[in-house]
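Undergrad: Residues per chain are reported as follows:
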Amino acid sequence: MSAEEERAASAEEKRVASTPEGRAAGAPEAGVPHLNAFTAFTGRWAVLRAALRISRRDAWRAKGRTALIMVMIGLPVLVITALITGRATTDVTPYEQLDSTLGSADARLITFPTRGRVRQDVAARSIGQHKASRPDRQWTPAELGTLLDGRLLRYQQKTGEVRLPDGYDWVDVLEVDLRDPMTRGMRELVEGRFPAAPGEVAVSPALTGRGARIGGTLPVTRDNRPMRVVGVVQNPNRPGSAELTALPEAVLGHQNDGDNSGWLADTPGSVRRADVRRLNQAGLAVQSRALIERLPDDGESPVPAMSGSPTRGAVSLGVAIVLVVMETVLLAGPAFAVGLRRRRRELAVLAAQGASGRQLKAVVLADGLVLGGAAALMGMVLGIGAGALIASVGAPLLNWTHGPLDVPWPEVLAVAALGVVSGVTAALVPAVQASRQSPAQVLAGRAAVDPPGRAARPLLGLVLVVLGTGGCFAAARHDDLAVVISAVVLALGLIVLMPWLVRSTGRLAGRLPLPLRLSVRDAARHRVRTSSAAGAVMGATMAAVVLGLVAASAFAQREAERTSVEPLGTLTIRTWASTTDGQWSRLRVEAERLLPGVPLVPGAVAVNAEGKEVRLQGDRHPLHCAGPTKCLPPRWDGGGILPVGDERLLTFLLERHDPRAEAALARGSAVVIGSGMAHDGVVQLVAESWEGGEDERLTLPAVVAKAAEPAQTGALIPASALEKAGFTVVERHLYAAHVPADEARLQRALNTVASGVNISVERRGDEDALTVLLVLLGAAMVLVLGGTFAATGLAAADMRQDLDTMSAVGAAPRVRRLVVAAQAAYLSGLGAAVGLAGGAVGGAALIRWNWETGIHPGGHPQVVEIPWLFLAGLVVGLPLLAALVAGTFTRTRPARARRVA
Amino acid sequence: MTVVRLREVTREHGQVRALRGVSLEVSAGELVAVMGPSGSGKSTLLNLAGGLDRPTSGNVEIEGRDLAGVPDLAALRRRSVGYVFQDLNLIPSLTAAENVMLPRELDGVRSRQARTEAMTALAEAGAEEIAGRFPEELSGGQRQRVAIARALAGERRLLLADEPTGALDTATGDEILRLLRSRCDDAGAAVLLVTHEPRYAAWADRVVYLRDGLIAESGSVRLESAR
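Heads up: the protein sequence lines correspond to chains S and H, in order. For the first sequence, full-length UniProt numbering gives the first residue as 1, with consecutive numbering after it. For the second sequence, full-length UniProt numbering gives the first residue as 1, with consecutive numbering after it.
Some hints here could point you the wrong way.
Stated by the list, open to error - Subject to a maximum C-alpha distance of 25 Å in a straight line, what follows is the list of computed SDA-like cross-link-like pairs (lysine to any residue):
(1) S:Lys63 to H:Arg211
(2) S:Lys158 to S:Ser241
(3) S:Lys612 to S:Val730
(4) S:Lys63 to H:Leu138
(5) S:Lys63 to H:Gly126
(6) S:Lys158 to S:Leu144
(7) S:Lys63 to H:Asp87
(8) S:Lys63 to S:Leu377
(9) S:Lys63 to H:Gly132
(10) S:Lys612 to S:Gly582
(11) S:Lys63 to H:Pro135
(12) S:Lys158 to S:Gly240
(13) S:Lys63 to H:Glu136
(14) S:Lys63 to H:Ser38
The set of hints was computed from the structure by calculation and includes no laboratory data.
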């Protein structure tokens, strides 16, 4: 360069550096020594704007991929937002309940049987009182008038029985004159009118659905007192409740103080804190409108309450967030990986124009930001709508409480922010790949799809797997939360290992038949896409395996611990000794009519000398038992009631004739089923009155009979022995080997004949295991198939050219199907197999922890139940289903060749 | 003034030596055509000249600065070098103007300023009226005009063109070469053009023939008759 040229070059350099953009560029090579902070910021903003513009337009161009990512990220946001909005809406604060409890009154006075000083919180949700030994006289309106100025209106609220077409049922009863303006807003009039006379009631919509109708008659209480239905009214905060409203004392009769009765008060001014204190002092609790209206909104907690300490709650929440974000990121990951692959050349052109590695990374991360942001926004809006819909549909159908739409914004926005974080995180690996790609190689078409990178170094993954596995087993004896955290570490380790596993399994492809070979090789080449999808499948499978193992073992443990004197599938109909003989006879007839063809075996109850019904139980402390479970009388800690009966009941319980036991029973000996309760030929019993009082102990001779089934234990007591001990015995139980289709309906029907009828069915402890496992399998299926189909669809689109080439050289359409099916089977199978291994570790640790807990310290049966069918369905069935569906819905016609313009 | 200078440049890809000691200079206002059979090292030469790749040995200078001492080649490309390729030149999701302003925006220039510069560059390339269109709405020739405008937007003086006429018909190819020639003559740009076609090489001030990674021949006479 000549001296003149150098001068020119130098002048040119200075000119560039002196322009605003030259300064903004501010890179060291431009010769500018320092940066102005503002220009640096605007410079970065310009880059971000450019990156966001590219992402936005690109998202619009690739609509299918965009929709896929939006669903993957938006769906969890939608579901969680809907849940917390629905929960906040159904969680009604005292302020939101003001209308339904106070109407337009200024205060609600709650009475007590005694007039000791009352302590209460502002909303009177928690009330305490110094108890007096005997009730005081009842409050009168005149007396109340001396304590509080204003007009009073009596209310009574309790439950009562009504006779509906399918039998008696308990319903809520509100007695207040709803025509009074003071009750405005307490109940909405849906149809007809409010009750105006003592013989009139209004019913809630839930009761109209069960046969009550305006103009009809509704029998209330056991006396079947007829009430005319004049209207349908609804509790605004409980639209699904079954409720009767009537004038005071029309249904319930006079309620003494303390029986959910009191007065609504319309006062000249608002009821202040001093008034409340005065009324509390006098023995009344008060709900004051003015005070409740000023109450801070602390009555709702949209995040489900965590058990234990706040730290444990926060850690549990953190674990849940990590799991949801991880699964979301893995599900959306393949779409971002494919997006990057398609844009490689575009990014290389950008690099050629001067985009640095960081700027290329920013362009790809902007994809995550744009798609994550849009998905989170859409998920949030739809989630709030869905939450409101669930709350308003669920309230009348499922008898939930219901308030005005309540969006817990901090939590909802946090969930949306997590959606954005998920989007950006899912774009992270492709972004790093984009920043590392060599533009020269990409432009020359020489770049590998996914360069080996760190996949060949599985060290980090192995360390995490070892830490997670070790942590699981170390924590298994101490803390379930620590086990869960260790299992999350294990899962993260397996995810980090996944690229290495994909690479390693890809090496085995050479020995496979063509379609499988092609699929596995393709999957291994597109390692990021495959690892992400297989990781998502792994996560879902691992969670399902852990929960499945724990649930199956817990159910098996429950069944192992179950003890019962009645054989499995026994229906027991019980009523009290106080039921009259006439009612009992009618009850038997009704039972025979409702259970046609089912043999009913009678049993009896004992009444002591004081005329009180007693329950008979084995008098042995559980710690004296020889074995861990079977020595205990059934339900020793509660209603372990031993049956009283004759040889018919004995045969029923033993499910066979046992002449020796029958003879002993006839002689007045108890028949002990299994050997647990009898010692030295006698059985010791305790007779405990239901109404309290002294327990009576008695010792009866006993013979031991072999149990009909392993869980059976207890004893059958002969009536003659009890009568000899001074008890009266009356037949009040019925036993049948029958499981009714609708227990609640049977109970209602029998209650129509005599009150206090209770029915129970002896069921297996693991009866619900199948349902729980099926629900788990269903949830896992959604995630496994969702992740697999998304990744397979993207892979099939990526492979279209290869598949077209195959078709062009003569491959049958079947081969195309097989290739796509094999792709689905490979990635879901790999994910499921790894998930099974991880889940087995986590599940085993949690089962071990379960052994340490429970009511029998040291004596818990150590049960491990492996639900083989469930695991097979999860690990073999779902991948096969994924392959089948993917293969079936594959496009087999090659795309027509198009010339590039 | 020499805009780009390669001195004894060698580039090896593993066992393959793509370039073997090539020296070349392109001055401001000069259009140099690089010709040669496939695999002769033409694209590698272009990549090295623009800082997309680094040489195994030898050195490359752009506007007097040795690239071996430049830590951030991307920034150098943003400010000093423009590339034009045969196809896939433009980002499909950006309009023509946005494509042209992109390098400037990446350089931190504010959008309004970048847009003004882009419109100037498009006007100079005769593509002002298509500024708002997306690449898929443009013809091949129009796309290449936009790519050339982008390559020369801002202060950039070195344009590296890799078969820019490869996907175009002859008439359109001529148009593009006329544009490149005018950018050399009017704006003082230095253009290094890789082409297979002697017809287009005729627009150059100089033609360099590469064979097996070596400059086999260098002719400095314009082939006026071929235009």
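Undergrad: Give a verdict on every hint.
TA: Quick rundown of the hints versus the structure:
1. S:Lys63 to H:Arg211: Violated, at roughly 46 Å.
2. S:Lys158 to S:Ser241: Given pair Lys158 (chain S), Ser241 (chain S) holds - Cα atoms ~13 Å apart, limit 25 Å.
3. S:Lys612 to S:Val730: holds, 12 Å
4. S:Lys63 to H:Leu138: Given pair Lys63 (chain S), Leu138 (chain H) holds - Cα atoms ~22 Å apart, limit 25 Å.
5. S:Lys63 to H:Gly126: violated, 34 Å
6. S:Lys158 to S:Leu144: Cα-Cα ~22 Å, so holds.
7. S:Lys63 to H:Asp87: holds, 24 Å
8. S:Lys63 to S:Leu377: Roughly 17 Å separates the two Cα atoms, so the pair holds.
9. S:Lys63 to H:Gly132: holds, 22 Å
10. S:Lys612 to S:Gly582: holds, 19 Å
11. S:Lys63 to H:Pro135: Distance ~18 Å between Lys63 (chain S) and Pro135 (chain H) Cα, so the pair holds.
12. S:Lys158 to S:Gly240: holds, 17 Å
13. S:Lys63 to H:Glu136: OK: Lys63 (chain S) and Glu136 (chain H) at ~17 Å, within 25 Å.
14. S:Lys63 to H:Ser38: With a Cα-Cα distance of about 39 Å, the restraint between Lys63 (chain S) and Ser38 (chain H) is violated, given a limit of 25 Å.
In this structure, the earlier hints numbered 1, 5, 14 are contradicted, and the remaining ones agree with it.
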